[in-house]
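Given these sequences and hints, build the entire structure.
Quick mapping for you: the protein sequence lines, in order, are chains F and S. Heads up: the first sequence begins at 1 in this note's numbering, then just goes up one per residue. Heads up: the second sequence begins at 1 in this note's numbering, then just goes up one per residue.
Don't read these hints as lab results, they were simulated from the structure. Just so you know, even glycine gets a beta-carbon here, dropped at the ideal spot from N, CA and C. Honestly, I wouldn't trust all of these hints.
With a Cα cut of at most 30 Å, we get these calculated DSBU-like pairs of lysine-lysine [to be verified]:
#	chain 1	residue 1	chain 2	residue 2
1	F	Lys223	F	Lys240
2	F	Lys141	S	Lys390
3	F	Lys95	F	Lys83
4	F	Lys141	F	Lys95
5	F	Lys95	S	Lys390
6	F	Lys95	S	Lys284
7	F	Lys223	F	Lys242
8	F	Lys123	F	Lys141
9	S	Lys390	S	Lys284
Here are some chain F residues the structure puts well away from chain S; computed CB gaps all over 10 Å [as the list claims (entries may be wrong)]:
#	residue
10	Asp23
11	Thr70
12	Arg71
13	Arg82
14	Leu126
15	Phe241
Incomplete in silico selection of chain F near chain S, CB under 10 Å [what the hints assert, rightly or not]:
#	residue
16	Val94
17	Leu104
18	Thr105
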Amino acid sequence: MAHLVIESLTKIYERGKVRALTDVSFEVERGEFLVLIGLSGSGKSTLLRCVNRLVEPTTGRVVLDGVDVTRLSPRALRRTRRKIGMVFQQFNLVKRSSVLANVLTGRLGYVPTWRALLGRFPKEDLERARRALSRVGLLEKMYARADELSGGQQQRVGIARALMQEPELLLADEPVSALDPATSHSIMQYLEQMNREDGVTVLASLHFLSLARRYGTRIIALKDGRIVFDGPPGAIDNAKFKEIYGEDAEEVEVR
Amino acid sequence: MSGEGLPVLGRLRRAFTLGLLVPAADALVLALLWFVGSLFFGFLLHGREVYFAGPWWLPLLVIVEGALLWAAWGRSPGMVLAGVVLRGSARGRFLYWALSHLGPVGAGLALLDREGRLPGERVGGVEFVEGRPTHRPWYRTSVGWAAALGMALALGAAVGTLQIDLQALLTKAPATVKYWQQVLRPNTSLLTLGIQLLIETFFMALMATLFAAPVAAALSFLAARNLTRGWIGRPVYLLVRLAGSITRSVDAVLWAIIFGVWVGMGSFAGSLALWVHSIVDLLKLYADQLESIDPGPVEAVTATGASRLEVIRYAVIPQIVNPYLSFTLYRWDINVRMATVVGLVGGGGIGFRLGGALTDFNFSNASMYMILVIVLVWAIDYLSARLRAKLA
Ligand SMILES: Nc1ncnc2c1ncn2[C@@H]1O[C@H](COP(=O)(O)OP(=O)(O)OP(=O)(O)O)[C@@H](O)[C@H]1O
Ligand SMILES: [Mg+2]
Numbered sequence: 001m002a003h004l005v006i007e008s009l010t011k012i013y014e015r016g017k018v019r020a021l022t023d024v025s026f027e028v029e030r031g032e033f034l035v036l037i038g039l040s041g042s043g044k045s046t047l048l049r050c051v052n053r054l055v056e057p058t059t060g061r062v063v064l065d066g067v068d069v070t071r072l073s074p075r076a077l078r079r080t081r082r083k084i085g086m087v088f089q090q091f092n093l094v095k096r097s098s099v100l101a102n103v104l105t106g107r108l109g110y111v112p113t114w115r116a117l118l119g120r121f122p123k124e125d126l127e128r129a130r131r132a133l134s135r136v137g138l139l140e141k142m143y144a145r146a147d148e149l150s151g152g153q154q155q156r157v158g159i160a161r162a163l164m165q166e167p168e169l170l171l172a173d174e175p176v177s178a179l180d181p182a183t184s185h186s187i188m189q190y191l192e193q194m195n196r197e198d199g200v201t202v203l204a205s206l207h208f209l210s211l212a213r214r215y216g217t218r219i220i221a222l223k224d225g226r227i228v229f230d231g232p233p234g235a236i237d238n239a240k241f242k243e244i245y246g247e248d249a250e251e252v253e254v255r
Numbered sequence: 001m002s003g004e005g006l007p008v009l010g011r012l013r014r015a016f017t018l019g020l021l022v023p024a025a026d027a028l029v030l031a032l033l034w035f036v037g038s039l040f041f042g043f044l045l046h047g048r049e050v051y052f053a054g055p056w057w058l059p060l061l062v063i064v065e066g067a068l069l070w071a072a073w074g075r076s077p078g079m080v081l082a083g084v085v086l087r088g089s090a091r092g093r094f095l096y097w098a099l100s101h102l103g104p105v106g107a108g109l110a111l112l113d114r115e116g117r118l119p120g121e122r123v124g125g126v127e128f129v130e131g132r133p134t135h136r137p138w139y140r141t142s143v144g145w146a147a148a149l150g151m152a153l154a155l156g157a158a159v160g161t162l163q164i165d166l167q168a169l170l171t172k173a174p175a176t177v178k179y180w181q182q183v184l185r186p187n188t189s190l191l192t193l194g195i196q197l198l199i200e201t202f203f204m205a206l207m208a209t210l211f212a213a214p215v216a217a218a219l220s221f222l223a224a225r226n227l228t229r230g231w232i233g234r235p236v237y238l239l240v241r242l243a244g245s246i247t248r249s250v251d252a253v254l255w256a257i258i259f260g261v262w263v264g265m266g267s268f269a270g271s272l273a274l275w276v277h278s279i280v281d282l283l284k285l286y287a288d289q290l291e292s293i294d295p296g297p298v299e300a301v302t303a304t305g306a307s308r309l310e311v312i313r314y315a316v317i318p319q320i321v322n323p324y325l326s327f328t329l330y331r332w333d334i335n336v337r338m339a340t341v342v343g344l345v346g347g348g349g350i351g352f353r354l355g356g357a358l359t360d361f362n363f364s365n366a367s368m369y370m371i372l373v374i375v376l377v378w379a380i381d382y383l384s385a386r387l388r389a390k391l392a
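This is the structure in structure tokens:
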């Protein structure tokens, strides 16, 4: 059984009556590193957010591990969300809080509410936070305020936060678009590591085709909310590229 | 100078009263009703302080025509105020109604601009959806001229009624000397009493702020658009915001008078007045702050599977603590100043004594109290600014 099944997903934003996704269907096997590409506004963020219902799909189904996510009660949705890690283009850390506090929020789905509200995380979680931070090489920044870190470091904290969830699926919405090429690769390598070593299924949207080819095991291209390509990285030839990005596009490399 | 007995002047005054003052008063009452009504429905429909959404002439027409009809056929507040009772036949009333259009229509015509538009795209913060403001210097618009004329007339009327006595102003200054002498010799024997009163005033402000902040902070979560969604959240949001706007529009001095009647004059009434006013003032500041937080962390923490309360605790509160503290300090600073003003109208503390001294023409006492107030206000102002700078 496929890990994630998207069935004729359609999203129409009430505000502005924008059709962001139209009848999108695909399946993702466990352990895949699926990269979403497409022009700005093609619906990549919307698709990723429909998976953990940060955005409510208009019609269609999202089935994770045989469970229809779109029909879950709020409580069950929270239980499902804790298995889905997410990293963001703008990192989305709580800037005024410490790195540790940010990383610990990754456990909120597991910790009882009263403990969380009092800030009394279990010892194991503190230990887990140390491990996650040392994995992304930021142990010594544990008590620094999140906004004191560089962009690349902040994204590593974002990854550590996702690691805390011990996720089975990782959603990454343009995780490196705000970073320079060298830092981009180091971040992508953390995602690759999660994918290969922990067997986490990864769904990442990326802007650069070169990054998509380098890290993806499969690529899905969106255009105006529809799938225009679904296949292995090698199958995107020049004609396909022009179809996805438009006639005037020029491929840019990120080394 | 009085116009009693002179038939012409008497008639003029009567015409003025019936033709302009009564319609104006009634229109004011109706405008207020419209204001509250449209505020309410604006909130209901748009969820923000939209006073009226529609063509601008509609409320104008309803208000003016309503006022005239009310005066002619009902017992309108304007009539009551002017002390006139309209008696007579339906024909007389109809005549009055028809004639009374002259005043408002004349005033309206005088205010028309070149394109034949009434001024009033944005009168007193009233937001109309249609219509554009004119961007010409005032002296090139008929509105500007009408306003200038109106002001000149008002000035003339003011000179007439206020018994302006330039001679006295220019020659009788020495009469004030003895008061200035008093002001310059503050009654230092009041120092201990004054300091006690000052401490009372200070505590009025402190208590009002301390007790208002938690109430406002709790309510602010119900008054932030981005945190109140769904079929329970939205109505609660509208209700809290609406109640806040209405309460906020009542001045603290007015609250002091209300509570003075309610619980008796004194520092308790004063504190209550400051408390109520602080709650609604802070509520708006807090809620606006909540609405402007970065949604990113909220999204990220939600995505981890956290519950609503956990999201608030970990993604919202860290973003607002410092601004909230800063607003609270700012409000404390205002309350210290306002505690004196509230005291003047019976809210206790040093303001009450200051008011007493002023009405007794005892400027030596008043001066002592005033010095103490200035010192306190200055000190708190300084302290609050320093603390807020640290929070930023
Ligand atoms: N909250 C929203 N309300 C209304 N329309 C939205 C909203 N979010 C996105 N859209 C619209 O939906 C469409 C798809 O947006 P989406 O953010 O999913 O694209 P994207 O592929 O992620 O683009 P980018 O590369 O710029 O991030 C766009 O037309 C966008 O304007
Ligand atoms: Mg996007």
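Quick rundown of the hints versus the structure:
1. Of the pairs offered as hints, the one joining Lys223 (chain F) and Lys240 (chain F) holds, with about 12 Å between alpha carbons and a cut-off of 30 Å not exceeded.
2. Taken as a hint, the Lys141 (chain F) and Lys390 (chain S) pair is honoured in the structure, with Cα atoms around 24 Å apart against an allowance of 30 Å.
3. At most 30 Å may separate the alpha-carbon atoms for a hinted pair to count; Lys95 (chain F) and Lys83 (chain F) meet this at roughly 24 Å.
4. With a CA separation close to 14 Å, the supplied pair Lys141 (chain F) and Lys95 (chain F) stays within the 30 Å bound.
5. In summary, the hint linking Lys95 (chain F) to Lys390 (chain S) is supported, as the alpha carbons are separated by about 18 Å, within the 30 Å threshold.
6. Restraint check for Lys95 (chain F) and Lys284 (chain S): satisfied, since their Cα atoms lie roughly 24 Å apart, inside the 30 Å limit.
7. Taking the CA atoms of Lys223 (chain F) and Lys242 (chain F), the gap is about 12 Å. The hint holds against a cut of 30 Å.
8. For the hint linking Lys123 (chain F) to Lys141 (chain F), the alpha-carbon distance of about 19 Å falls within 30 Å, and the restraint holds.
9. Note on Lys390 (chain S) and Lys284 (chain S): the hinted pairing holds, with a Cα-Cα distance of about 23 Å set against a maximum of 30 Å.
10. Under the 10 Å C-beta cut-off, the non-interface status given to Asp23 (chain F) relative to chain S holds; the minimum distance is some 25 Å.
11. The Cβ of Thr70 (chain F) lies farther than 10 Å from every Cβ of chain S, with a closest approach of about 16 Å, so its non-interface assignment holds.
12. Consistency note on Arg71 (chain F): stated as away from chain S, and its beta-carbon is indeed over 10 Å from all of that chain's, at 17 Å minimum.
13. Here Arg82 (chain F) does not stay apart from chain S, with its beta-carbon only about 3 Å from theirs, under the 10 Å limit.
14. With 10 Å as the threshold on Cβ separation, the claim that Leu126 (chain F) sits away from chain S holds: the shortest Cβ distance comes to roughly 16 Å.
15. Chain S leaves Phe241 (chain F) outside its interface by the beta-carbon criterion, the shortest separation being 32 Å against a cut-off of 10 Å.
16. Contact between Val94 (chain F) and chain S, as hinted, is supported at the beta carbon level, the nearest pair being about 4 Å apart and thus within 10 Å.
17. The interface hint given for Leu104 (chain F) holds, since its Cβ lies 8 Å from the closest Cβ of chain S, which is under the 10 Å cut-off.
18. Because the beta carbon of Thr105 (chain F) sits about 5 Å from the nearest beta carbon in chain S, less than 10 Å, this interface hint is met.
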